[in-house]
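Number of protein chains: 4
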Amino acid sequence: MGSIYGENIHVSIFGQSHSGGIGVTIDGLPAGKTIDMQQLGEFLSRRAPGKNKYTTQRKEADSPEILGGIIGGKTCGAPFAAVIRNTDTRSKDYSNLKDIPRPAHADYTAQIKYHGAQDVAGGGHFSGRLTAPLCIAGGICKQLLEQEGIYIGAHIASIGSVQDDGFDRVSLTVQQVLAPGKKEFPVNNDAAGEQMRAEIEQARMAADSVGGVVECAVAGAPVGLGDPMFLGMENRIAAIVFGIPAVKGLEFGNGFACAKLKGSENNDPFYMDDGQVKTRTNNHGGILGGITSGMPVIFRAAFKPTPSIGQPQQSVSLSAGADTELVIQGRHDPCIVSRAVPCVEAAAAIAVYDAYLSYKKGVL
Amino acid sequence: MGSIYGENIHVSIFGQSHSGGIGVTIDGLPAGKTIDMQQLGEFLSRRAPGKNKYTTQRKEADSPEILGGIIGGKTCGAPFAAVIRNTDTRSKDYSNLKDIPRPAHADYTAQIKYHGAQDVAGGGHFSGRLTAPLCIAGGICKQLLEQEGIYIGAHIASIGSVQDDGFDRVSLTVQQVLAPGKKEFPVNNDAAGEQMRAEIEQARMAADSVGGVVECAVAGAPVGLGDPMFLGMENRIAAIVFGIPAVKGLEFGNGFACAKLKGSENNDPFYMDDGQVKTRTNNHGGILGGITSGMPVIFRAAFKPTPSIGQPQQSVSLSAGADTELVIQGRHDPCIVSRAVPCVEAAAAIAVYDAYLSYKKGVL
Amino acid sequence: MGSIYGENIHVSIFGQSHSGGIGVTIDGLPAGKTIDMQQLGEFLSRRAPGKNKYTTQRKEADSPEILGGIIGGKTCGAPFAAVIRNTDTRSKDYSNLKDIPRPAHADYTAQIKYHGAQDVAGGGHFSGRLTAPLCIAGGICKQLLEQEGIYIGAHIASIGSVQDDGFDRVSLTVQQVLAPGKKEFPVNNDAAGEQMRAEIEQARMAADSVGGVVECAVAGAPVGLGDPMFLGMENRIAAIVFGIPAVKGLEFGNGFACAKLKGSENNDPFYMDDGQVKTRTNNHGGILGGITSGMPVIFRAAFKPTPSIGQPQQSVSLSAGADTELVIQGRHDPCIVSRAVPCVEAAAAIAVYDAYLSYKKGVL
Amino acid sequence: MGSIYGENIHVSIFGQSHSGGIGVTIDGLPAGKTIDMQQLGEFLSRRAPGKNKYTTQRKEADSPEILGGIIGGKTCGAPFAAVIRNTDTRSKDYSNLKDIPRPAHADYTAQIKYHGAQDVAGGGHFSGRLTAPLCIAGGICKQLLEQEGIYIGAHIASIGSVQDDGFDRVSLTVQQVLAPGKKEFPVNNDAAGEQMRAEIEQARMAADSVGGVVECAVAGAPVGLGDPMFLGMENRIAAIVFGIPAVKGLEFGNGFACAKLKGSENNDPFYMDDGQVKTRTNNHGGILGGITSGMPVIFRAAFKPTPSIGQPQQSVSLSAGADTELVIQGRHDPCIVSRAVPCVEAAAAIAVYDAYLSYKKGVL
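Residue numbers (my numbering), protein chains in the order written: chain B, 1 to 364; chain S, 1 to 364; chain V, 1 to 364; chain E, 1 to 364.
One should not assume that every hint holds.
The following label-pair restraints were derived from C-beta to C-beta distances [stated by the list, open to error]:
(1) S/M37 to B/E265: 39 to 45 Å
(2) B/E65 to S/R280: 18 to 24 Å
(3) E/V174 to S/M37: 36 to 42 Å
(4) E/Q147 to S/Q39: 22 to 28 Å
(5) V/G116 to B/A191: 31 to 37 Å
(6) B/T173 to V/G116: 35 to 41 Å
(7) B/M37 to S/G116: 38 to 44 Å
(8) B/D274 to E/S171: 32 to 38 Å
(9) V/G149 to S/V174: 38 to 44 Å
The calculated BS3-like cross-link candidates involving lysine-lysine, where the alpha carbons are at most 30 Å apart (straight line), are [to be verified]:
(10) B/K361 to E/K33
(11) B/K360 to E/K360
(12) E/K182 to B/K360
(13) B/K98 to V/K260
(14) V/K98 to B/K360
(15) V/K278 to S/K278
(16) V/K98 to E/K74
(17) B/K183 to S/K183
(18) V/K98 to S/K360
(19) E/K360 to B/K33
(20) S/K74 to V/K74
(21) B/K33 to E/K183
(22) B/K33 to E/K278
(23) V/K260 to S/K33
(24) S/K360 to V/K33
(25) E/K98 to S/K98
(26) V/K98 to B/K361
(27) B/K278 to S/K74
(28) B/K361 to E/K183
(29) B/K98 to V/K183
(30) E/K98 to B/K278
(31) B/K74 to E/K360
(32) S/K74 to E/K98
(33) B/K260 to S/K183
(34) V/K98 to B/K98
(35) B/K98 to S/K278
(36) S/K278 to V/K98
(37) B/K278 to E/K278
(38) B/K74 to E/K183
(39) V/K361 to E/K33
(40) E/K360 to V/K278
No lab work stands behind these hints, which were simulated from the structure alone. The beta carbon of each residue, even a glycine, is placed where N, CA and C say it ideally should be.
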């Protein structure tokens, strides 16, 4: 088991890259909430591949077909369910991957775990394609959160060694949160974005790939989201963000940097701002004791470089029990970070909305 | 809700710093497994405070009283339950914290979330003291894992700017994993440890505190622990490690560093080693697609500096709605990282053992 | 939330009677298990409507389309997902039910619970049609259980006042368990079956309906399925069987009859039978302390008469706030009990297989 | 796993009859709710043994010690935890039960399931004594429900062949619901109660035991508690009530009787009563489609006769692999039904309060 997330809503993702379809169910949505399908489609298009030369050339019709849960544009109390057909599939590209696992992919671990019964075509259930249903669920949660005044946005914080300007941790506006998502290349500083594209293009020319970091922010969250211990906001967000393929690190607020600081440097002083309690700095990333503080929630997720590269790599033949060289065929992103931005937003939206429903129980 | 963790076992932690007691239940342990109470006590003593001047002077009798689940030294199929009495409590130390929240603590967020009904004494349910029951549960899971040949150990990777030698990611031995835990100050390089102690002492003298990083390793895990998507090993570990107070970052294998690399640099080549599939490097931290690869599992958790410091700090009076200065009284660690080492091991052990039980279902 | 069941597997049912489709996902199935689609189709045809005059004349193409989880006839480790299209829908039949709720239906309670946003067409998510995906999930679990030597079957124990012969509680064979399911009208005693059909026909002629009882048996279960307290086999079975529409009662073994007995009458004496511990009677229904005893598991579920009847009934107009008379149009079963038989088997199979996976963890 | 229940609150019960203690944790209670300890104690005393000759003579100090979750008489947001010490234990009474299992007890099934590692003293985790922590959790939920205007009460519906008057299903008042619980012997009709006591005394004189039925009612529940399918109110109540030892049957409203009726007889007509939608009869037991209808919720649980009787019984020696006679020593109830009444109320209260918290999420 593993493809289900949530405490109050249950998000269940199914399908493989080249199976009949991929999809998602969400059990537990309140009834009577408006879902704007146009807006959902626009959100999904942000992760869709094939838009430009920086991403994979595979075309997907990522338009979800709604199977249940919505009537007349509103949630109806029944579980939400949607499916995306798998159409542009070329299964023969992947024929030898059961024998010769791709480095840094799940081929080998899945082969052993599932005794060779796993669906290897296109990466199967481990494919990045499965982030499409994640974005469906997340796109819905984003809308539901916006109806409560809570906004989520993300940007590329870095590609390789190129850094974007970070979000303003202290006085972040809703407009700032949403701005990068409106661009084709989601950064704060477009000049940095140009350099990033150059870095990606360089990797592509070298039949290589490059990693990066996504920074995500939540604005408008009330004080009190999240629960102590294992359902703190950090735990909740981590439990879903690490489900996005290629994420290898996650930090909140000052994150790893705070480990080098003194308490007197890292502690965020409280002050009153026009009747509201705020902190002058936001090293805590909007979360104290697992609970939102009213300051912007800020976190960063580190993505490893796309494992699929065109260069020959060392691997093994499982059948022969011997070392061998592998050359990966097929279409692959030299950098998935730009497409990962809406995925991180989606993951955060699911986590925050789930926590929001718990919060509502507590304010009976 | 939030103090429960697990898929196959449910670890439920209860109690507040100054309540009748703190404790833990573990539902779902297999019956007939030997638990060595002496060994558990030794593990718990590693996080116990009051051992030296580097940690808080509060004395705890952290010897757990077993309420159920073990008969004749073996698990009996009923839930495990244990309690630690809260004896050395000085509630008056904390009397004004409901009005003037301590910076970087959960005082303010808990006050709002729980409408002022929270137990504020000693940090209540948010106290670091609640890691004692976490260590009870983790110590039991560690023993159960060792019975399956899986070993977990951790060390202080850094305090402030002082770095310890990292674990050998590629050829880590069980002995290496367990070595730091046998020392009073759990590091690989004792010289670095001396410098760390100096850094801590310096913070203490300045009525300040300092953060650090804990690195944890799992040796002996079979290929196949963890599940895709939301129950990958990264998700499972993250969902519990972020429950340890003060953790603000987590990374696996190469972690944030991999975001700066090319695929050709970060991908770990497979090779055959005496009939076994291994990787020549271990940037993936022993986890591919959420599933253990047979290589050592390696992760690092960043701890912020202890928020409680002796220096005056800026805060607010919630009742007055005005800024004020706060001076924290009481006994506090200038650095909790050394005591956090067994906590990280405990969290990892619970996550890995829970995944191990899922793994066993899959190999029916 | 409510449409998810299970501890080790998660069965998630989605869709409404007249939505895009109805379907099911099963997360947590072991990989590499053979699923016979032909056999699944045959099982599903047992609940399909439109077969004869005793059941609703609505035709369904209940042939599920597999979206994921199965490759080459075997489970692949990814979640199983299947959908059945809703084709033969006549939404206009149900137009006024939002205002005038049908007695004994969920119309009124859903209207209030979901603030009028519920999907009312064809009963929405409350439709008996949703037992089709239940049967898909149950049919798969039945096959997986049969691979472990565990067989589940059910029969109509009564319709109105007509009784079938009960299963032999003490020496039930696999053949006896499966026999009723092979008949068009699933009873043990065909003469009783004829009388039942007459009772149903009589109800149909009177524009009325009739209730009944389904008895279900599990043969071949090892000693040890089920867990104490809230995950005992009774709890597990009850938690899913009451999810079948119209079930209003459930009893195990001697059930309500045991409440009238003395301990000396109801206690089942143990004895040794060729090296095996058995009981001479089986008043306990194969479950002691929530755990299977090795004797056949026997339970009975009471179904109320189909609420949809052709006779005029008293109801209210919610908009007018006044009493009114209701005449239900459309196609309805005068008795759903024969079609409920495979549904009860399906529910039992899911519950037992889920418990079986827990059992396997315990015998590490 | 098995000793945890709940969707929004998690009730976790631990301990064995003769272990260090028995207890309960409740995670997920809203903060700031008043809990009256005096009232809780009075509720617990209703199930306490040793009060008269009709129940076991073992004395228990069932006064719970609060370990966490309550400060100043209010819930504080941390998990509630309480323990009851096991003091009056006579472990030697039970020495041979590992070899010779008692008929109708869990001795044999536990022996096999737990490979002989189970705690057999006093019934271990299967002991009826474990209903004390159930009543603690239930007593708290009862108080929280009463604060929302929802009242739960139960009475003995029958002992052997003696019937009490049933609750008035249609126009039940809060006073009627609570009346039986205020009596030493909880019945509606005291004359019937006298006959029941005679029946029990007769069983006791014959070294025998007798079963019975408990009827439980919930008054004041709003329309809309419960969710479709697997979290309907019937499922929720069933999933916990079957966790009370000795329950072998459960029915809602008309229950098994409705299986003999026509739809025209069993359907409850709606009508308007002073602006409120009501039903003229209540065969549906206050639940339609799994959701409360605003009519009183009514269910009945069948209890088998206490398995421990003084008469010699046939059993087996597991070590000898041979039939043998068993004479049970120790103190035992000839009838546990009167003590089961508050247990059923407690179970219902937990189920209803858990559903109530879900309901609150839906009315955001």
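Hints and how they fare:
1. S/M37 to B/E265: 39 to 45 Å: The hinted range 39 to 45 Å holds for S/M37 and B/E265, with Cβ atoms some 43 Å apart.
2. B/E65 to S/R280: 18 to 24 Å: violated (45 Å)
3. E/V174 to S/M37: 36 to 42 Å: violated (51 Å)
4. E/Q147 to S/Q39: 22 to 28 Å: Check failed, 47 Å falls outside 22 to 28 Å.
5. V/G116 to B/A191: 31 to 37 Å: violated (52 Å)
6. B/T173 to V/G116: 35 to 41 Å: holds (37 Å)
7. B/M37 to S/G116: 38 to 44 Å: holds (43 Å)
8. B/D274 to E/S171: 32 to 38 Å: At roughly 56 Å between Cβ atoms, E/S171 and B/D274 fall outside 32 to 38 Å, so the hint is violated.
9. V/G149 to S/V174: 38 to 44 Å: holds (40 Å)
10. B/K361 to E/K33: holds (13 Å)
11. B/K360 to E/K360: Holds - the C-alpha atoms of E/K360 and B/K360 are around 8 Å apart, at most 30 Å.
12. E/K182 to B/K360: At roughly 36 Å apart (the allowed maximum being 30 Å), B/K360 and E/K182 break the hint.
13. B/K98 to V/K260: Violated, at roughly 63 Å.
14. V/K98 to B/K360: With Cα atoms ~28 Å apart, V/K98 and B/K360 stay inside 30 Å; holds.
15. V/K278 to S/K278: violated (51 Å)
16. V/K98 to E/K74: violated (42 Å)
17. B/K183 to S/K183: violated (53 Å)
18. V/K98 to S/K360: violated (50 Å)
19. E/K360 to B/K33: holds (15 Å)
20. S/K74 to V/K74: Outside the cut-off at roughly 39 Å; violated.
21. B/K33 to E/K183: Status violated; Cα separation ~48 Å.
22. B/K33 to E/K278: holds (28 Å)
23. V/K260 to S/K33: violated (42 Å)
24. S/K360 to V/K33: holds (15 Å)
25. E/K98 to S/K98: violated (54 Å)
26. V/K98 to B/K361: holds (29 Å)
27. B/K278 to S/K74: violated (52 Å)
28. B/K361 to E/K183: violated (36 Å)
29. B/K98 to V/K183: violated (45 Å)
30. E/K98 to B/K278: violated (63 Å)
31. B/K74 to E/K360: Since the Cα atoms of B/K74 and E/K360 sit roughly 19 Å apart, the hinted pair holds (cutoff 30 Å).
32. S/K74 to E/K98: holds (16 Å)
33. B/K260 to S/K183: Given that 30 Å is the threshold and the Cα spacing comes to 23 Å, the pair holds.
34. V/K98 to B/K98: violated (54 Å)
35. B/K98 to S/K278: OK: B/K98 and S/K278 at ~16 Å, within 30 Å.
36. S/K278 to V/K98: Answer violated: S/K278 to V/K98 is near 63 Å, above 30 Å.
37. B/K278 to E/K278: violated (51 Å)
38. B/K74 to E/K183: Since the Cα atoms of B/K74 and E/K183 sit roughly 51 Å apart, the hinted pair is violated (cutoff 30 Å).
39. V/K361 to E/K33: violated (39 Å)
40. E/K360 to V/K278: Roughly 49 Å between the alpha carbons, so the hint for E/K360 and V/K278 is violated.
Checked against the numbered hints above, the structure violates hints 2, 3, 4, 5, 8, 12, 13, 15, 16, 17, 18, 20, 21, 23, 25, 27, 28, 29, 30, 34, 36, 37, 38, 39 and 40; every other hint is satisfied.
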